[in-house]
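Protein chains in written order, with my numbering: chain A, 1 to 227; chain B, 1 to 251.
Think of the hints as simulated: they come from the structure by calculation, not from any bench. Beta carbons are placed, not taken as given, at the ideal position from N, Cα and C, and that holds for glycine. Take the hints with a grain of salt, since some may be wrong.
Claimed, not checked - According to the in silico footprint, chain B covers these stretches of chain A (three or more CB under 8 Å from chain B):
1) 39 to 49
2) 153 to 160
3) 176 to 186
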Amino acid sequence: MTSPSLLAATANVLRRDLTVAWRRSADVLTPLVFFAIVTSLFPLGVGPEPSLLRTLAPGVLWVAALLSVMLALNRMFANDYADGTLELLALSPHPLSLLVLSKVAAHWVLTGLPLVLISPLLAVQLNLPSEAMGALLLSLLLGTPVLSLIGAVGAALTLGLRGGGVLVSLLVLPLYTPVLIFGAGSVAQAAAGAEIEAYISLLAAFLALTLTFAPWAAAAALRVSLD
Amino acid sequence: MVEIYILIGMHKYASPKTFYPLAGTLIPWLAGATVLLLALGLYLGLFVAPPDYQQGETVRIMFIHVPAAWMSMFVYAVMAAAGAAALVWNVKLMETLASACAPIGASFTLLALITGSLWGKPMWGAWWVWDARLTSELILFFLYIGVMALRASIDDPRRAARAAAILALVGVVNIPVIHFSVEWWNTLHQPASVGRMGKPTIHLSILMPLLTMAVAFTFYFLTAALLRMRNEILEREKHTSWVQELVESRR
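If we strip away everything but chain A, and leave its shape as in the complex, we get (with noise of 0.2 Å):
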């Protein structure tokens, strides 16, 4: 038996990973619920006064967005480790780091994608003026893959570890300002009715490196896990 081609194995790879969270929709819900839930409770926290939540907002849809994404990371490898598909990827004859850039890339399909979707509606609830709906999507857009490929490392290098999840947070939180300040602060700057090119394209610088080497670190990350 021959093996598929590099490109047909990442796209194996992708299909699977969609097909399997697919068939267990629950799990792509439960970070889009956590995402409305944790949004709704700062109107709660900080009194309901429109003003005030129209200059939170770009701040909370972020920092809201920032904690789903990660809640979902340990289930990027974790399922794949315990039941061994994980190494068979890793004795697979094509680089690891393009494998786990497939399941990054199904990873923010499946948490990210939808964030991005929903959260012009969570905006509309926070009172962000309606010329910052741009900034927002355009943002989540660029910065979520980033947090994905970010959180990529920290879930490989926690893999099998006992407290995995508080442990991720730890490790990828940090991380993730450059993200949240740049993200949020366009948001901020549309609302104010600034420019906002200077931040997107520093998200996009983002973006761009964290492709070049987060693939590479997290596959490092997974090899010394599965020793």
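Since chain A is already given, all that's left is putting chain B on it; use the hints.
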């Protein structure tokens, strides 16, 4: 040729068995130098250096704060470099060095944060402001804690060392990004309302205690790192004959 001999000679000391006694002989000297330099630096800083015309006596906190902040970054760089060496060349000694760095670096970071906040209260009127440097120092502290937590949750020392090394390297790529992000975020959100120390040419009476303290902290780092490395070597090599002989001879 000479370089090759030196390399071979150095390589000998990379084995835990030869490194252990070498570190043992170095530690008293390094510790002595630390004590002398600390005493000199504190004397220069607390008694010789003049009080600042604006900050008064409070400026003396800087003689602890600034070297601690320097060390917090330097130790992280050492940790990442040792981690990289451990990953690439599989040197056990480098693994123990990287693991020794994390708690020392974290304490320097904490020291810088605490002294900074003690200085900030009389100067800025607040224990904490979201100043760019403070914020990036805080994130650096979290990065250290992450490395230590990851290492603590893995039982196998080799695997722990390699995982921590990868994390330290990811962190080292991120530190400049975090630093500049925070700096930019701060300048955008908060105009320079807090009076920062200007950049006057530093007078020798200030510079001398500052540099002495920095060297003293470096010697402290070396002493503490060697002590921690020796402990970890004993722990890891406890089943080898040389450690058992050592234990027997001390009994």
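Verification of the supplied hints:
For a cut-off of 8 Å, the count of residues in the region 39 to 49 of chain A with a CB near a CB of chain B stands at 0, and the three-residue condition is violated. For the region 153 to 160 of chain A, the proposed coverage by chain B is satisfied: 3 residues have a C-beta within less than 8 Å of a C-beta in that chain, meeting the threshold of three. Coverage of a stretch by a chain is defined here by at least three residues with a beta carbon nearer than 8 Å to that chain's beta carbons; for the region 176 to 186 of chain A and chain B the count is 5, and the condition holds.
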